[in-house]
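Colleague: Residue strings, one per chain:
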Amino acid sequence: MKLFDFWGGVHPAGQKHLSAEQAIQILPMPSRLHVPLQQHTGRSAVAVVKVGQTVRKGELLGQEQGGVSAPVHAPTSGVITAIGDFTAPHVSGLPLPTVTLESDGEDRWLEQEPPPDPFALEPEEVAARIGEAGIVGMGGANFPSAVKLSKARQARVHTLAVNGAECEPYMTCDDRLMRERAEHIVDGVRLMLHALQAPNAVIAIEDNKPEAVARMKAACQNEGQIRVVVVPSRYPAGSAKQLIQILTGLETPAGGRGTDTGVLVHNVGTAYAVHRALRQARPLISRIVTVTGGAVAEPKNLEAPIGALVEDLLAFCGGTTDAPARLLMGGPMMGHPLPGTQVPIVKGTNGILALTAAELRLAATPSPCIRCGRCVEACPMGLMPLEMSKRARHDDLDGAQAFGLIDCISCGSCAFACPSHIPLVQYFEYARGALEARQRAEQKARETRRLLEQRQARLVRAEQAKAEAAARRQAEKRQARMKGGATA
Amino acid sequence: MIAAVLSLTLLGVALGWGLGLAARYLRVESNPVHEEIQQMLPGVNCGQCGYPGCSGAAEALATGKASVTLCPPGGPTLVQALAAKLGVAVDGASHSGPPLLARIDEATCIGCAHCGKRCPTDAIIGAPKQIHGVMQDACIGCGLCVDVCPTECLQLRPVAPALKTWHWPKPALGFGV
Ligand code: SF4
Ligand code: SF4
Ligand code: SF4
Ligand code: SF4
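For the record, the sequence lines run as chains A and B.
Per this note's numbering, residue 1 is the first one in the first sequence, and the count goes up by one each step.
Per this note's numbering, residue 1 is the first one in the second sequence, and the count goes up by one each step.
Hint data in this document are derived by calculation from the structure and do not stem from the laboratory.
There could be a bad hint or two in this list.
Below 30 Å or equal to it, Euclidean Cα-Cα: the simulated DSSO-like pairs (lysine-lysine) are [claimed, not checked]:
hint, chain 1, residue 1, chain 2, residue 2
1, A, K217, A, K2
2, B, K65, B, K85
3, A, K151, B, K170
4, A, K466, A, K477
5, A, K444, B, K170
6, A, K390, B, K117
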């Protein structure tokens, strides 16, 4: 298969050797799990359980609401001890509505009928079952997979690109999953093809994972529809738009969707979750998480229940050697700093990264931009990070937008390449957030105007009604008087 | 009787004509900038700016007597819009901080329903003698309701930060980029 190239990109040190040879281990069930009701893009789920209720493993905890949403399920059996705010795995340290479940240690599954043969089901039904299992994009996008599949089927996507590139440094969870559970992934891919009604699938793996390539190739030997493609290692080859470009040579139009090119990208972890949901009727209640970084005593790949605390995962890996200089959820390029270790892992958590000061490149003190243009060379989206950050700094949000802020995928290549260590991505995140805040405020101003007018109209109507009533009373009085006069 | 009707009619016609003439010849040319600015202001006439209503505020703005940050209910959006309109620079920090919205302490609300009558956006709901509540989406923090509440259970409070609306702050570097 002919491969194409994408513009820009960088070569950060892989650091995958820390955990790549660690087979997936199952995290012993923590005594308490904190399952946030919102772990996906879209509307939050609403709790359907009550405090004190006993639940089985796999039982529904939160029901999705509206079109773009996803349910959450109990990762083990036990008792619900709280429903309320709990710190989210988010840099702000703000809380999210969360269901707290105390494990009874029995890990007993909800009894389910064996699922029917998925290939006998309608594609729409397959997608619906994927939705009911609470499956969201496991590569970190967190978008509900069923919605993505249904939309792509309507858009007549012809190729499913299965993302096993794992270009993010340090991360090895997809690598291990492909090495250890290749057949299940391939089965998941076939099921997704059925849901999509698309003719073929391509599994893309970076060339730094030869074992995963070999295992995946062996697993789809008899599958005419599915092909394994080895792509060169360069960050961010595993980003959806860049992957599509590598496979097809097509660029996603500015402001457009990947499916405009006829290709839909899903992560290998998602394919695995689809297999579990449709073959074994298991909702998404656990995932593979890479716990690594120079500050972790024994880096590992863990299969951990959703809602386990970062603390639990770190403890199972021997704890941190010395206080980590930075704790991230996700990889060093696109991961987010955590407010502490008392936060739960969620469906989109691919890794926990505890970095030492020596590993932290961005800790270097920033200095002014020298306009060297390295950020421009590095940007895979063909943007001009130096111009965008300049405008963001001066709060010229429209200016930043005119330079393509909306197309920035926050990959961090520019900040990585910048010799002045300018936190470019933070400027973009700031500008994006400020833009959204502005839109919300404008919306509110419009709404206020409408409410004011409504009230004004109501007052006028009330005034009129009063006047009419008064007139009527007057008329009645006059009539009564006249009648009285006539009889007199 | 006829004399009375006639004299009153004549008086009415004469006065009306006089008023009509006055309206035509003695009209005060209203400043177009003033009007445009008034359109931008919330229009709730709450008086928090220290001017007699939004019209007064608009005039002060148009004549350069007031700062673009004068109107608390307008929030940062209004500040930016006014700054763009009047061509002045605003210091980004001068209007930061979370917006203030009205909140009712349910423990002390007696359901007097005074507040609901004052609210220009109908943000306060509740039947008489029942505990009232403020719809946070509709409240603009004008504070008109605060003064009429007899038990002081109605206060303007800063909006708690939420995950949905949180975003990264601007990096604070001591130099230009
Ligand atoms: S790489 Fe850094 S220093 Fe060079 S132009 Fe971009 S922002 Fe400026
Ligand atoms: S973070 Fe945005 S601007 Fe920077 S390299 Fe990535 S896409 Fe380009
Ligand atoms: S503070 Fe704003 S809304 Fe209130 S009277 Fe002044 S201009 Fe109008
Ligand atoms: S609730 Fe009070 S502060 Fe809010 S808009 Fe109404 S009157 Fe103003």
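Colleague: Tell me the numbers of any earlier hints that the structure contravenes, in ascending order.
Modeller: 3, 6
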